[in-house]
Amino acid sequence: MATLQLHNITKRFGDTEVIKGIDLEVNDREFVVFVGPSGCGKSTLMRMIAGLESATNGDILIDGQRINDVGPADRGLAMVFQSYALYPHMTVEGNMGFSMRLAGVSKEERRAKVLEAAKILQLEPLLDRKPKALSGGQRQRVAIGRAIVRNPSIFLFDEPLSNLDAALRVQMRIELARLHDELDATMIYVTHDQIEAMTMADKIVVLHDGVVEQVGSPMALYHHPRNRFVAGFIGSPKMNFLPVTLASVSPEGVTIRLPGGGERSVPVEGQRLGANATLELGVRPEHLILDDQGPLSGQIKVLERLGGQTSLYVQMDNELITIMADGDVAYRVNDTVHFGFAPERAHLFDADGLALPSLQQHPLAGLTRQDNRAPGSPAEEPA
Amino acid sequence: MTTVSSKTAAPRSVSGWRSAQSKRLLLTVVGWSVAVVIFFPIFWMILTGFKTETAAIADPSLIFSPTLESYQEVQARSGYARFALNSVAVAFGSTLLALLIAIPAAYAMAFLPTKRTKGTLLWMLSTKMLPSVGVLVPIYLIFRDVGLLDTRTGLIIVYTLMNLPIVVWMLYTFFKDMPKDILEAGRMDGASTLQEVLYLLLPLTLPGIASTGLLSVILSWNEAFWSLNLTTSNAAPLTAYIASFSSPEGLFWAKLSAASTMAIAPILILGWMTQKQMVRGLTFGAVK
Chain D
15 MATLQLHNIT
25 KRFGDTEVIK
35 GIDLEVNDRE
45 FVVFVGPSGC
55 GKSTLMRMIA
65 GLESATNGDI
75 LIDGQRINDV
85 GPADRGLAMV
95 FQSYALYPHM
105 TVEGNMGFSM
115 RLAGVSKEER
125 RAKVLEAAKI
135 LQLEPLLDRK
145 PKALSGGQRQ
155 RVAIGRAIVR
165 NPSIFLFDEP
175 LSNLDAALRV
185 QMRIELARLH
195 DELDATMIYV
205 THDQIEAMTM
215 ADKIVVLHDG
225 VVEQVGSPMA
235 LYHHPRNRFV
245 AGFIGSPKMN
255 FLPVTLASVS
265 PEGVTIRLPG
275 GGERSVPVEG
285 QRLGANATLE
295 LGVRPEHLIL
305 DDQGPLSGQI
315 KVLERLGGQT
325 SLYVQMDNEL
335 ITIMADGDVA
345 YRVNDTVHFG
355 FAPERAHLFD
365 ADGLALPSLQ
375 QHPLAGLTRQ
385 DNRAPGSPAE
395 EPA
Chain C
28 MTTVSSKTAA
38 PRSVSGWRSA
48 QSKRLLLTVV
58 GWSVAVVIFF
68 PIFWMILTGF
78 KTETAAIADP
88 SLIFSPTLES
98 YQEVQARSGY
108 ARFALNSVAV
118 AFGSTLLALL
128 IAIPAAYAMA
138 FLPTKRTKGT
148 LLWMLSTKML
158 PSVGVLVPIY
168 LIFRDVGLLD
178 TRTGLIIVYT
188 LMNLPIVVWM
198 LYTFFKDMPK
208 DILEAGRMDG
218 ASTLQEVLYL
228 LLPLTLPGIA
238 STGLLSVILS
248 WNEAFWSLNL
258 TTSNAAPLTA
268 YIASFSSPEG
278 LFWAKLSAAS
288 TMAIAPILIL
298 GWMTQKQMVR
308 GLTFGAVK
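Those sequence lines, one after another, are chains D and C. Quick note on the working numbering: the first sequence kicks off at 15 and runs consecutively. Quick note on the working numbering: the second sequence kicks off at 28 and runs consecutively.
These are computed hints drawn from the structure, not numbers from a lab. Note that CB positions come from ideal geometry on N, CA and C, so glycine has one too. Some clues are possibly wrong.
Said to hold, decoys possible - Every beta carbon over 10 Å from chain C, so not counted as near; a handful from chain D, in silico:
#1 N41
#2 S52
#3 A64
#4 S120
#5 E122
#6 E189
#7 E300
#8 R359
Unchecked claim - Stretch by stretch, here's where chain D covers chain C in the computed footprint (C-beta under 8 Å, at least three residues):
#9 198 to 209
#10 216 to 222
#11 227 to 239
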């Protein structure tokens, strides 16, 4: 269907540069998620791809054609807005058929196409309703339907689920993933929710302050974050960071001295480190292991029992460390706990916040959502 | 514990209810008083129109035997219809023209604002602070030279210019309330700017446009300064019609009142029928 390339895209609003030179490649049929905190420029970037904002500099290419100067409707894209942006005075059918009405498509053909899209989205019984008579999830589906009938080469989603309640969000997430498989289309999706990014993306683009921090598969970002920002942003609860000191560097890894006094060797490349380098250790809450012989210890400040899991918030010097432990742990608040971690699951960051590269690649790091499908499943078969 | 708190709470809530009651009563009284004060002259005028000339100048009284005598005489003397037609043509013509100019202007200001948009709006409104008489002579001379004196076209142009600032300002506030996303969705769907305005903006802001138009019609209908100075007979609207009874026949209160009643009746009825729309339109920004 379509590929998208961005070459050194920048965007300025007056004196503020919100997008600071972004290069990106989106492959055919890929589900790409732009994720980042609010104000990172992800929505602006999408609006530039859509043609609703112009890029200050750089080139936007669809299928190799530069489209900077092409109008939004002529780029062959369709966009689903955060607010759905349905036309309140038109019926569902009118909403979905509006683009075709503008293009002068005959009434019969319009109806046929709308029905086809309505079928995919289970909207057939609602075609004569106005948007205000629809629930949030139904409006969302109409907005998606409006995009589908345009038969776009690339779908753009701008935080489409953020106005839905939690249960509906999970349901729509599954539905969108299914839709991606069914339509076999290239999709670009903007969100600030890293769970949406992790669950739906083939490729995640982490944006921060107008620059791309890292591009990669969800598992690559989780297991091999390039820097401290990505490490903290991807994964929930957030990764723990602890200041540590460098003990020695060998080809097998970097040996660090922990705050409690113990030493551990982490299998990462440390050749570029100076003798007195300041380092930060990063370990995810789910990778910290309660262990009476563990090298780290602290006092439990807060304890959250979720049933299957228990979150322990442990005070260690000035840091509050989160530990995801088994649901049935017997600890109470103010108990002192000892804990450790498997060195191969730990990350080290230098003074600039850059991760020291792992010596081995995680086996799932290259996995995309597409790879989760069994070979020969319906969407894989030639149409 | 519960009983104590309910005991202390009960009298307070009763007194609170009482003060809310008396406040509402006071507001109602004030509201009605203001309405009566404002409406009384109009009411008196309508009443006088149904009196005989002798009754009209006699001691003011609410009890009299109503007669259509004045209406018949007024009707016999001059053609009400001709004036009324002029009023309709000029009020609606100028409103249409003002909307045609103001809709694109307000669109640009609401959706493509620049650094100077706010300033432009204020400057436009500030022209309303100038007394009309200040530009009477130049406009009169220009109209005389281009042959617009005593023409409907001339009056339409003046009224359009007169109402344009208010019309643009009101449309601007209505357009600003329109979610930008919807227009952008239209643009993604392939709508040109004109289609965006015709298919999306106008249908969605129709209540606002209607109340703006109504206000413009009313202001044009009631305008007297320009109509008296720029027209004589051909294009004279109803305001000129009333005035024609005031000076030469100043003492004939009943006929003057009858003429005035006939002049304001159409706009009064229009206002009455659309008052819900008007109030909604005029308080739109405030309520939101």
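Against the structure, the hints come out as follows:
1. N41: 23 Å, holds
2. S52: 17 Å, holds
3. A64: About 7 Å separates A64 of chain D from the closest Cβ of chain C, which leaves it inside 10 Å; violated.
4. S120: Fine: 16 Å to the nearest Cβ keeps S120 of chain D off the interface.
5. E122: It holds; E122 of chain D is separated from chain C by about 20 Å at its closest Cβ, greater than 10 Å.
6. E189: 21 Å, holds
7. E300: Given a closest Cβ separation of 39 Å, the condition holds.
8. R359: For R359 of chain D, whose nearest Cβ neighbour in chain C is about 43 Å away, the distance exceeds 10 Å, so it holds.
9. 198 to 209: Coverage by chain D holds for the stretch 198 to 209 of chain C (3 residues, Cβ < 8 Å).
10. 216 to 222: With 4 residues close enough to chain D, the hint holds.
11. 227 to 239: holds (count 3)
Violation of the numbered hints given earlier is confined to hint 3; every other hint is satisfied by the structure.
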